[in-house]
Amino acid sequence: MAADEPLVLGIETSCDETGVGIVRGTTLLADAVASSVDTHARFGGVVPEIASRAHLEAMVPTIERALKEAGVSARDLDGIAVTSGPGLAGALLVGVSAAKAYAYALGKPLYGVNHLASHICVDQLEHGPLPEPTMALLVSGGHSSLLLAPDITADVRPLGATIDDAAGEAFDKIARVLNLGFPGGPVIDRLAKEGDPKSIAFPRGLTGPRDAPYDFSFSGLKTSVARWIEAKRAAGEEVPVRDVAASFQEAVVDVLTRKAVRACKDEGVDHLMIGGGVAANSRLRALAQERCERAGIRLRVPRPKLCTDNGAMVAALGAEMVARNRLPSDLELSADSSLPVTEPHVPGTAHAHAHSHDHVHEISKDNLYS
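If you're matching positions, the sequence shown starts at 1 in my numbering and goes up one per residue.
Heads up, a few of these hints could be off.
Unchecked claim - Here are the in silico distance ranges between beta carbons for each label pair: (1) ARG324 / ARG227: 46 to 54 Å; (2) ASP76 / GLY45: 17 to 25 Å; (3) THR223 / SER282: 22 to 30 Å; (4) ASP76 / GLY208: 52 to 60 Å.
Hint data in this document are derived by calculation from the structure and do not stem from the laboratory. Just so we're clear, the structure is a prediction, and the values are computed from it rather than from any experiment. Heads up, the beta-carbon is just placed ideally off N, CA and C, and yes, glycines get one too.
Start from the sequences, fold in the hints, and give me the full structure.
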């Protein structure tokens, strides 16, 4: 870690976790998270209004905790990055508003970045600079995507995506049918280790010869599993929860890894990066490793804590923006719940930024944060 590498604070509020990370170059200095998942659990899913309120309450304490953990002052920062989309509109708005306030008060450049691109860039904190191009499989509660990124700061190309339920969403829904609570991913992963993944032949969506090679569909799988469970219950039979969990999980990770490896082969890319919350799934990691080794592909997967939504990933992409001299965002930056992955960040105009930055420096040099 060099002292001249960019020091960037990242704010992530796209869903139910308030994440604040601080990165110097590709070195993680702090990763503070305040989660409201327990509050949402009794509703069986994330309630946007509750998430937004939780972000408001957690924002300043979480930023202060990150700064303390990193051992730096807010004035030392070279930039502030924030997830501007995609995500829940109200939740995003809290993070964007906070980032703009800090950037304004401190006279620091602001970078509105893409949530999905951030999930790719976080791997730099684990395994060093990303290869170019990078092939990425992103799997979470809201996204299942195959992306090719020749330049993570400026050029991210979608190869395929889910056409209905995302993988993480399917995990949550099946957990609900099995009365396992929310979120569903961790508990299904745990129970699946004690079950037989070959006991029930659940379908693999979009794997036929005429189907889109890189797109995903988990809605049919979800329905098939739910009907199988309902039939068992209607017949008065006990549902083998562990076998259902294992067979369902195997159907999901089989499709994900099969398509990801195919994309690498087709595009001539010799490595695969997996990110997003579902990348913490132990069976996905194991099967991906097995298939990548067989295909001569190098697998890069961040440790589980960096796979779920966090501020470190936003800071990582922000630091890369600074290092590559990408144009900062304007202070008029807004939240965009449907920001396309083809836009890794939201640049402003050079004139508007220079004007606002000079003005901010004048009014804030004796202000607020030291």
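- When the hints from earlier in the document are held up against this structure, which numbers fail? 2
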